[in-house]
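Could you put together the complete structure from these sequences and hints?
There are 2 protein chains.
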Amino acid sequence: MTYCLGIRLNAGMVFLSDSRTNAGMDQVGTFRKMIIYEKPGDRFMVMLSAGNLSVSQSIRELLQVQSLKDGHGDQPLTIWNAVSMFDVARVLGATVRSVNNDDGDALQKAGIEFNPALILGGQIRGEAMRMFLVYSAGNFIEATRETCYLQIGESKYGKPVLDRLIAPTVPLDTAAKCALVSMDSTLQANLSVGLPLDLLVYREGLLQSNQIVCIDEDNPYFQMVHKTWGRRLKEVFDTMEDPCWEGGTAGHPIRTASSRYEPMRKISNPTEKIV
Amino acid sequence: MTYCLGIRLNAGMVFLSDSRTNAGMDQVGTFRKMIIYEKPGDRFMVMLSAGNLSVSQSIRELLQVQSLKDGHGDQPLTIWNAVSMFDVARVLGATVRSVNNDDGDALQKAGIEFNPALILGGQIRGEAMRMFLVYSAGNFIEATRETCYLQIGESKYGKPVLDRLIAPTVPLDTAAKCALVSMDSTLQANLSVGLPLDLLVYREGLLQSNQIVCIDEDNPYFQMVHKTWGRRLKEVFDTMEDPCWEGGTAGHPIRTASSRYEPMRKISNPTEKIV
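For the record, the sequence lines run as chains A and B. Per numbering that gives the first Met the number 0, the very first residue in the first sequence carries number 0; after that it's consecutive. Per numbering that gives the first Met the number 0, the very first residue in the second sequence carries number 0; after that it's consecutive.
One should not assume that every hint holds.
Straight-line alpha carbon distances no greater than 30 Å define the calculated DSSO-like cross-link-like pairs of lysine-lysine that follow [as the list claims (entries may be wrong)]:
1) K226(B) x K233(A)
2) K226(B) x K226(A)
3) K108(B) x K108(A)
4) K233(B) x K233(A)
These aren't lab readings, by the way, just hints derived from the structure by calculation.
Following this line, the structure appears as structure tokens:
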């Protein structure tokens, strides 16, 4: 499994990926899932990948040379000459389909699903930042203001904290912190997600980033997040009133006079049936 | 889908279930998933169910009359005469198998999976409280001191908060509060989990419970949990330091001198390959 996360904010973008791959519990490896495609001053693009590792690596490699016949001009379209991130996502979609054409049948015969999922975010000079999630069929969706983050792989454990805290107006470093909390919950729940992490923070308009770090178990900031979040969560939880069953003076009774339904009970006589 | 949760603590047990069933987005219903089997002063048992509704309802009904030939005595074993919760779980397993025998083939032909999952917890006079998770094959596992809660259905969204806060020594009402937080996160993330909820708190040794409530959207306590948890979580999050990229005086730098790995970068020239 894998957990990768991309967040597109007004101020920039945050990318975070784990690095565990496995083929069964007894065959675990470390392969990083973030790659940067960069033309300094012109374009800065980041891709995160989930799914079968051979497929991801092929896509990552071929994406650099993939070209697409395009109605817009004479030149074939590549990620290096595209004038929009939308077109870059189309090239990535074509790359996914091309790997499926080459390997899909043989994988299927071997009982291996062709299941890549990719997050691609970036900025080309003259265009706004954009972020896409590309599926195994090469189709894709884009992050929007309403849903400004995209996840691939083991997405569920880390989703509640994102839903509660992430919005387009959140500052970049705050979003990076939130991404790490989301990853921390996932690391604890799923053994197939593992350290080290790759974290990249991109500031709108820069067309480059030097806020990139590989986070392992010794990283002081990630250690602090891990310890503090758990402890503080417990403190907050403890300050929230417990349910009070007997009414009295509690401001928020759990039992109210007009409960909509009675509990379903079956009392002792084994020959009688539930109505 | 469904989300049901059972917690076995030193002080007692907590059970919580949602009530949404669906056959596609356009066919949504309310069916409650908690049932109490009770012989006052002798035994108190609670069952939560997930999976195909027709299967769950059949299991619930037949469990009352299911009997099992047993090596222990002349009388066939039932949930009403069993002397241990382990034997009750065996009767439930036999009930699951019996419904599979009756309906499994026809369901399979109709493309419907036989997929019940059941949490069964309770206490029989003279025995400690016990809680089991019964699978579709009728086999089962028991909650222990190390893993004192069991979930069925949509378990992932609500798991991190349980892992951080639940232990056998937690008081009953605190565990009930935690269960509601776990459910709240799940309700927000998965439309196929829905109100009203059934919450039951059982105190060790009582062989009965009057702490049972059906919680709908107007419940003052659940409203408080929903609002307070989200707000306080944000406050805690805000007090945790953001990552500081430039080192300086920050106690927990995110960037360290000896980063284990460099980022994977591919810079511009499209004819060159990644090494």
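Hint numbers not upheld by this structure, sorted from lowest to highest | Of the numbered hints given earlier, the structure breaks none, since each of them holds.
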